[in-house]
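Undergrad: Chain by chain, the residues run as shown.
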Amino acid sequence: MKISEDSAPILSALDRPNSYIGRSVPRPNLGRLTQGRAQYVSDLSLPRMAHVAFVRSPHAHARITRIERDAARRSPGVIAIVTGAELANVITPWVGVLTHLKGIKSAPQHAIAVERACWQGEAVCAVVARTRAEAEDACELVEVEYQELPAVTDPETALDAGTPIIHAELGDNLTFERVHVAGKPDEGFAEADAIVETTFVFGRHTGVTNEPRAIVADWNPGDARLTVYHGTQAPHMMQNLFAKHLGLEEHQVRVITKDVGGSFGIKVHAYADEMGIVALSKLLERPIKFVADRIESFVTDIHARDHRITARIGVKNDGTITAWEIDDLTGIGPYSVYPRTSGIEANQIVNLTGGPYSCANYRARARVVFQNKNVMCQYRAVGHPIATAVTEGLVELAAAKIDMDPLEIRRRNLIPDDAHPSSGPSGIKFEALSHHACLAHIDAMMDYAGLRAQQRHLRAQGVYRGIGLAAFVEVTNPSAAFYGIGGAKISAQDGVTVRLDAQGAIICHTGVTEQGQGAEAVIAQVAASSFGVPIERVRVITGDTDNTPYGGGTWASRAAGIGGEAAWQAGKALRANVLACAASILQAKPEHLDIRGGAIVDADSGTERLPLHELARIAYFRPDTLPPGFQAELVATRHYVPRQWPFAFTNGIQASHLEVDVDSGFVTLLKHWCVEDCGTVINPQLVDEQIRGGVVQGIGGALFEHCLYDERGQLLNGNMADYLVPMAAEMPDIEVGHVVTPTADSELGAKGAGEAGTAGAPAAVMNAINDALRPLGAKPLTEMPFTPGRILEALGKV
Amino acid sequence: MNERFHEIALEVNGEKVSERVDARTTLVDFLRERLALTGSHVGCEHGVCGACSVRVNGAVVRGCLMLAVQCDGMQVATIEGVARTDEIADLQQAFIERNALQCGYCTPGMLLTAQELLSSGGVPSREAIRAYLSGNYCRCTGYQAIIDAVEAVAHARAGAQR
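These protein sequence lines are chains A and B, in that order. Going left to right, the first sequence walks through residues 1 to 798 as the working numbering numbers them. Going left to right, the second sequence walks through residues 1 to 162 as the working numbering numbers them.
Looking at chain B on its own, in the form it has when it is part of the complex (with noise of 0.2 Å):
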């Protein structure tokens, strides 16, 4: 038996996708060069710089850190598939507001997991927002207007529930 390669099933951005997967394979590297979906990153390819964050199973994971062959049976959502929602598109807006991002590399990642945070409920401080997106490296913006974004979107979805 060959337990190099693996077939694998799983869905991703509510498509479904059978593939067969060398056992190496990370998921960020399945995603981005069997999926051509490139909207996901890969910075430092050993779990530190959250580039390649993507959803499965509905929490944010690292894509570097995990293999393709762990997500079968799996739901894997990516910025592509998200962006293509209404889910994050005040985050997203918000970000181009403010110019929450520059060169754009990590801003994939860093939607995903503020979204994460947001998506819990409730207005967090400014520290905690900082403190969340700790993983999530941005090398251009210095992070203030990235925190500020995501503090409007958190006030303003708190205001529309309110």
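Just chain A, same shape as in the assembly (with noise of 0.2 Å):
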């Protein structure tokens, strides 16, 4: 393990000559998106193409009684009006369970609702046009008759006995339910000094892309093949769902991924609207164009993180922490989204709470319901932000009730570096960690004892600044064990192809995407390191089912462990087929000879022997010159998947500093502080970027974003005026340093970055607020998002 400078590059075992492994190397497909040459499935258009607008429920749960359409089939443009029963002939529908998640239930979800809308927003009818405003206007022409049932909104009475079921043949409303005892939380919490317990409760948010979901889907009868340009995550999870459902196989299937315009998790499931265009594309035997707008985004995107949380943590007076125990309900909506349920999110907050902590004194419940409103389901961090909020929120206030530093308390119960393997509290297997390493830095980084100098100094002007700190571990390089073992078609695996083309350039093709994460660079780097020439001289494929390797895909921080390692070995292993037949031209033996730079050379002295380019055109165009019996193999296909450990745990700790005016409720963000182990940091500066847009959408839920429901389950702030995200002159610089610990279960030693932001962050943010407040003897605030009224309420100023 080694400290490293911020955005400096690291040293490893993967150096050879001329790495590229721990370059900030720019990524190849910046110069088409300033140019506005970019190709975003928004953007596309193909010969014969129609639009798709669909009727949304207005109720959050209502029986559609009659579908009235003759009106709007007059309308100008208009080619088709869809209903689900008529869809219905077309995709069959699904059921979100995984078998891995015990017990867990749902309803089977039809790609238009039939007979029953369950949430508002939930499409009725879709109406096929000649252009998206002629099929708006005669969606305006559908009459739709409902009858209005009671919504079921409010997780807290969802169980109920008095509640209505929304789905009677599941018999309750109940979607999942997990209980974990680890240790003896009893013991342990009769032997604290002090116990503090408090009720945790999370803004339902969302993920709010820039570019909203959108799909062009083109079923083309002639070659029984349907293509499907799609802004999602995971193109051969969506080709087995697209081609299961509509009763094809998968090779019938081609989905394309090309630009997308931000995803976050928000575009890696399958959403009944999509499973409709590709259904009407069946039927109408044409392209089909559908683009969420921003209110359809609002309302059908997958929300998240509606939780609240009664948590209790017990402490002895030294500090040392001797229990904890948590309580989560959460409200899904009336479905388990599709394939990936939503019960992980409830599941991950078990097994993270408490999890960069030494005591193992655990007690757990998580129950998740059912609920009229929009569907929740993964969004970056899943879990990761509630988990880390409530573990590190009890270790603040119990801090402060035994009068101890916040960075102390932790310095004497995060996991010592040297203890593992080990494990958290919910049994959740970790390799190697490096809290203690990350909080010396982060100590260092921020200078916290001047902070609190300074914060002790203004506070005697009337001036209150908070420091808040969140320890965090996260997910990563996810095994089977995520999805696979649950009976999800979810690949854990992904693989590269490395080809050598006719002018010695290579050309990757890789299973894992770009989101403008920077995987494309990544794969690039990778690559070119490991077989041996300049990054110039590489071209990476993604988003193409047809011509990529079979892969999971991005989510889960998994594109740069898990499709970087496989690019790795891709390399190396065409690097050996390369200098075979390098050998064979130059009568050397293999293992004297290297490639560097682009050229064969002699391994020794680095003198070079024969340029690729000429390899290329002797193996492709005068293969009779090579001695009778080789054949040159141009081409080598790796696959990776961790087997070592179900997981890539990383870990980190974050700080916010920040200003509370006790006047207004405002919170000025001044800096923020990451310092995270991603194990070996292939390109520092994606790193260092995913990390700062990773706290920023972590700031966001913690400040600012909130899907308002009324209690009939409308949606009350479907905008973007309405429904705010950070923005430019309210964020904090932000300052990351890493520790580098990799994984020994890839020769690459990457770990994820891609979710660590977001993990901790709110937590940070909110015990920095407390911390703001404490002087003031303000009620400890821990209901996101912190506006101004929350926080003049626990100042008790209104």
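Have a look at the derived ranges for each label pair, beta carbon to beta carbon:
(1) D72/B / F621/A: 57 to 65 Å
(2) G47/B / D546/A: 34 to 42 Å
(3) K16/B / R130/A: 26 to 34 Å
(4) V17/B / K489/A: 45 to 53 Å
(5) I165/A / V17/B: 56 to 64 Å
(6) R130/A / E7/B: 17 to 25 Å
(7) R24/B / H100/A: 50 to 58 Å
(8) R774/A / S134/B: 26 to 34 Å
(9) D22/B / V798/A: 44 to 52 Å
(10) R20/B / E143/A: 28 to 36 Å
Hints listed in this document are in silico derivations from the structure and should not be mistaken for laboratory results. Even glycine gets a Cβ: it sits at the ideal position worked out from N, Cα and C.
Using the hints, put the two standalone chains together into the complex.
TA: In structure tokens:
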């Protein structure tokens, strides 16, 4: 393990001559993105393409008694108006459950509602027209008669005897429940000198991708093939689902994903309306386009984080944490989302709470209930922001109660760096973490003692600044333990094919996908390094199920760690193949040769023996000159999946420094720090930018973002003026540091970095606000988002 | 008289364009759907996010809040046109070097807005850059890289002028 300077390259056993590992190489796709020449699905237009707008339920729960289409059919440009019942003849319904989430249940969900709409915004009828505007015009002429049904909106009463059951056949409104007891929680609480109990509430929010969900489906009856241009994170997963529910074989479906205007976990699910689009294309035998408008995005993009958690911590006067207990309740909408389920977030909270700490006395219960609101599912850092806020909130409240410095209580309780391999309270397995190195690093980086002195000084002048910390662990590089074992066809392995072209450049085809995080750059860096060419001579192809090895795509911080390792191995394999060819040309031994800088060189002296373009020329055009019996193999594919550990946990610590205006309740973010350990850092700049972007998304949930529903299940703020997201002026500069503990599961040693920022930021901000207000005797704030109103309430001013 | 459809003539990226448009068509839909200039994006559709930012007669406006018919006789510039000149070449390069974009969806609007700020001269403070770009939402970067890139270009341009 070593502590590296911010953005500095790291050294490792991976160092080959001219290695790009650890270098901030610019991404290859940025030119087109800065010139307005990107190809987002929302930009796409195909011959004969028609557009869809959906008539959506205005009610949270209603029986659909009649759909009158005559007037709409006469509207200009209308091609077809299709109901849920009609589309059910083309595409089968699905149930979002996984077998490893014991007892999870859900009801069949259709592409378009059949008979009953279960949330405000569920599609009840599709209008297909020449343009989107004409489709929307006709939507207004479709008359739907509804019989409104009672809406179940409050998770707290969802399981009460008097509450209507949303899906009668399921028997109750309980989707999933998990109880977990580890160690001796009762004894732990009994031996505590102090116990803190509080309730944390997390506001339902959503991803707000700048490009809304977009899909163009093109069923070609001549080829009996469906091509789907889809803004998705997981093309192969979607290929499987489209095929399965349309009654096709997977080879009949091609999913193409070019540029995607933001994902963050929003675009890794099977959305009912998108399933409807592929079905409409099959039905109408022409390309069909759907791009969600912003209101549709707010009522149909998955929401997340709607949790109420009652939590307890026991602590001794010397700071030793003795026990944890949580009781989580979450409402996930009327259906468990397909195919990942809506049980994972609660499951993760049970898994992750207390994760960074040694205390293993732990009791947890999580209940997931149905409700008549938009569906909830996995959004960036799934469960982590909640588990981290609960854990770190409890730790700081406990520290305050026993009057101990928040940094010190962590120092006394974080799992020691030399104690690994180890386990978290829930039994999650840690290969190697570096909490104490991270803590020491952030202590120095932020000048913790200096900030505390400044804080005391300013308080005397009536200025209330707070410092909040949040240690975290983060699930990355998931093995098949995440979804595969539960029966979902979501690939944990990923593959990379590397081929030498006829001029000595290499082309990499990878199953991981580019969502803007820089996967293409990382694959290029790794392949260039392991094979031995300048990065300018590497092209990366992603996002096409016809042209990439089968893989999982981008989610759970897996693209660099898993896709990167596959690229490393594929590059090595191709190097061996090319050296065999070079050896036969040069009458040398392969082990005496290497590939460096795009040329075959003498391994010892580095002297150039043969440029790659010359080798390619001979192998492709003059193979007759090669020795008899020798066949050059200039394509290599390698796959990788973590096997030693179910997940490569990363760790880190964040800190927030902010000022609260105690008269207005406004929070000004002054600075944010994050020290994290994602193992080998392949591209320091890209890692840092993932951290920064993630931190800001976490801050969004802590301070601004909230899907506000009324008691009838109506979303009250489904637009970007009323739903607030972080803006440039409100965000702080974020300093990022690294500790490097490579995973031994792969040669590359890289873990994921895409979600760590989001995991810890809400907790750090919460703790900083409470730290700022503590001398004023404010009631600790534990309900996100921390709006000015809630802050003034805590101060007793309103 | 049919008041719904209107003949308009305007200049887009230096090219003369004459089209018959539906009165309700927004400028950004007109650019994207009629002229296939898809570099300007649609994000919020009500003037908040800035993804549709384009220049009309030299000023950056929201393409979703202006109607195409309002642009009759005007000069419109989109990212495709501006990127073909060398006007923002340094800014584009700074965005690339600093990784000041991830998904890139906000980037055309961000570049045009940043250029509007920088063309007023001087070296704005980081706070001033943040404030000026506050009407352009980015969901990926957390903004710091964008501020860094714009600040670097401001310094470089000021240095070049000295």
